[in-house]
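Chains A and B, in that order, give the protein sequences. The numbering of the first sequence is numbering that gives the first Met the number 0, which starts it at 0 and goes up by one. The numbering of the second sequence is numbering that gives the first Met the number 0, which starts it at 0 and goes up by one.
Simulated from the structure, these hints should not be mistaken for laboratory data. The reader is advised that the hints may include incorrect statements.
To be verified - Derived BS3-like pairs: lysine-lysine, alpha-carbon spacing no greater than 27 angstroms straight-line:
id, chain 1, residue 1, chain 2, residue 2
1, B, K41, B, K72
2, B, K41, B, K107
3, A, K7, B, K107
4, A, K7, B, K189
5, B, K9, B, K72
6, B, K104, A, K7
7, B, K104, B, K9
8, B, K9, A, K102
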Amino acid sequence: MKSKGFAKHYYFMLIPGFIWLTLFSIVPMFGIMIAFQNYNPGAGVFGSEFVGLETFRYMFELSDTVNVFFNTIFIAIMKIIGNLIVPLVFALMLNEVRYMGLKRSIQTIVYLPHFLSWVILGGVMLDIFAYGGPINQMLAAFGIDPILFFGREDLFPFLVVGSDVWKEFGFNTIIYLAALTGINPALYEAAGIDGASRQRMLWHVTLPGIRTTAVLLAVLSLGNVLNAGFDQIFNLYNPLVYSTGDIIDTWVYRAGLLNLQYELATAVGLLKSVAGFILISLSYYLAYRFTNYRIF
Amino acid sequence: MLRSKSLSSKIADVVLIIILVAIAITCILPLWYTLSLSLSSKTAAAAGAVALWPVEFNFNSYQQLLQDSQFFKSFWISVQRVVLGAGLNFIIVPLMAYPLSKTVKDFKGRNVLMWTLIFTMLFNGGLIPLYLTVKAYGLMNSIWALVLVGGAQTIVFNIILTINFFRNLPSSLEEAALVDGAGPWYILTKVFIPLSIPVLATVSLFSIVYHWNEFLYGLIFMTREEFYPLQTYIQQLVVSVDPSTMTEDQYKRLSELSNRTLDAAKIFIAMIPVLVVYPFLQRYFIHGITLGSVKE
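Just chain B, same shape as in the assembly:
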């Protein structure tokens, strides 16, 4: 590429890089601050003395956290939910995407089924009907309420991504398998799935992050704290306020009374699983998002 290397151009480069780095720092600074806060003393945190480095460095809040059995119970519920939710997603997505990636010529009912699927993605009955339905199924306080309700709302998007990926695979692959006498189940499991690891990894990671982060269904479908997944548990501790009217003074006092170092420790621990899968996630999602586009 021909680009001039004049002095003004170099200065512009330096300024640009400084601005970009500054913006990038604002994206991790809040997380860093939370870590610092969790490692500071309670009094320093309450006095607002913590900035970028822990003040009176200690692990007290993490020791306190170890005694909180509900935190670990909720953590375990979230882990189970992620495994079940992402596992189910991994099985159902290719099973639905494969037939629906066929043309109407090969699979007559395809368009009707596809539109039904799209309709469930675009329209919903709202929160109250959903709540009453789950209640009627007897799934209150069951982990399956979390797995199945959340999954049903996110799976269609994952199926569409996968359909588009399947359609971009060379059709000669399937034709060759057909000539060899392969049936649909064989083609799906031995030809399509092995070739679709990038898209299946993408949708699985989306599913993992979704199930880890979702908190509302834990709040409405679980009637007792002991059944809360981790995000719901933290939501209730850290940011929940009395929904009745409150005055400014009450709100101010509430933020002063709360145990900020312990809350920060909980927030930080809840972040860790996402930080751990993030490198894997990053490898795939950029590709995964652009996969979704249809080639004409």
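Chain A with its partners taken away, still in its complex shape:
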């Protein structure tokens, strides 16, 4: 092949991108040293006093952090379950619709919320669930006293999970729908000739046809066990619901950038990054083992 000596050009092509990533992804990684230091902003990351695991010891003594880790995992796992099952059911229902125009219109509408930010949708949610908002007006019609939805710590995690599933279910159906179109139509024809009902076709043709996709999505979602969704919670929460709604990322934001506890915030963030890295790597490995899926 004549492509010898191309390597030099390949490196040239990669230089701008790698400089960018080095400056804004790799260099900040050295900042994790702050978690092991008594950080002095004047001396910087390389001049501050080294204190070992002091910050981590302090971190586990705080009742806050344990609570925050629990909230994160609780909300994230509920989101994972909801975001796997609801889109699957919706995709199966949509797959039964035979009017293509209607099917496509429904798809267009349900994909939309995915592309709007949580700043926007958070504002909309707070309006709809406001003390005098439409949901409470509706409840009033049934004689139920108004509820301060986003001020109730017992309701908050469920409102977060529900609104996230609402925002993402449409978009998440795409992958299932792609898998459904991949099922060979001849299988349905054969089942029809054998006299199978629609329910039986669903059970014996459709579901086995998308099993691999469902398993793959479930395995990959393992990487999200520590991602409860900063953008969403940051835009919906308030001090009334900190006990059940505060997650690692929101806590790190407040501890680090509002209270300037740099060491503590970095330590908590580092713990999350390391655990997250392990979980994602594990999920990729399992996905590769079980379904032969590779990301690149």
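For this one, chain A is given, so just place chain B on it according to the hints.
Same frame as chain A, but now just chain B:
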């Protein structure tokens, strides 16, 4: 397809369609409500009288919005950010994806570079080190902090999508170009890029939506409101609460005091750019997501 047309099957179809349409309506109803709210009178909004249609229809909140110069300043900052961010993404993605789509045989350093890239996607130093790094670079209050930090975190995923697309192009194309004596730059710009419009459109639209919607970096890297991008500006107005402890009564009063019609108008205007690119987005993203899978 052979499917029975019995009465029960037809009833099931109708029920199914009703359920699906009802679910689809819940996806646009909140957006519709926000529009209605923005077109209602302040008193009607405060009294919770607005439901599906504007009450005491007027454009006051939009007229008021026209006087808010910061809103337009922030809007312009967001536009600049999107243009710079998506532009940079469009240049860097093919430049990095092309060499990395080669096999180790053609490009020796490929695997090491690829793993480095993946590592920057899966691991990060956390919020505080990132904040301190950007501060050390002197990028506080600069639009480049928004463009470069956000871009570095999203570009790797876009590169992977593009690599997979490049790898699925027939290798005979490149071989033919090589026989004609084409160099790597010529092959990239005249063969690969023109053939990759679907994937480049997909990643560009992802980048546009990301940069338009992102609010956190505006909040932490911009110290003054005048530098806020639009989502940060709205976030601060609509959903920001005093992070110190507050009582239920204070929270209730806060939601009553806020100017809900004006806030709704701002939210609605901020939605428009996404609604405008959405039809283009929809044409590509379904394809784009399935593009990411590797063919064995």
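Against the structure, the hints come out as follows:
1. Annotation: proposed proximity of K41/B to K72/B holds, straight-line Cα distance about 25 angstroms (limit 27 angstroms).
2. Proximity of K41/B to K107/B is assessed by CA-CA distance (about 66 angstroms); at most 27 angstroms being required, the pair is judged violated.
3. Taken as a hint, the K7/A and K107/B pair is honoured in the structure, with Cα atoms around 11 angstroms apart against an allowance of 27 angstroms.
4. With a CA separation close to 19 angstroms, the supplied pair K7/A and K189/B stays within the 27 angstroms bound.
5. The hinted pair formed by K9/B and K72/B fails the criterion: a straight-line CA distance of about 56 angstroms is larger than 27 angstroms.
6. Distance hint between K104/B and K7/A is fulfilled; the C-alpha atoms sit about 14 angstroms from each other, no more than 27 angstroms.
7. Using a Cα cut-off of 27 angstroms, the hinted pair K104/B and K9/B is violated, with the two alpha carbons roughly 59 angstroms apart.
8. Annotation: proposed proximity of K9/B to K102/A holds, straight-line Cα distance about 17 angstroms (limit 27 angstroms).
Checked against the numbered hints listed earlier, the structure breaks hints 2, 5, 7; every other hint is satisfied.
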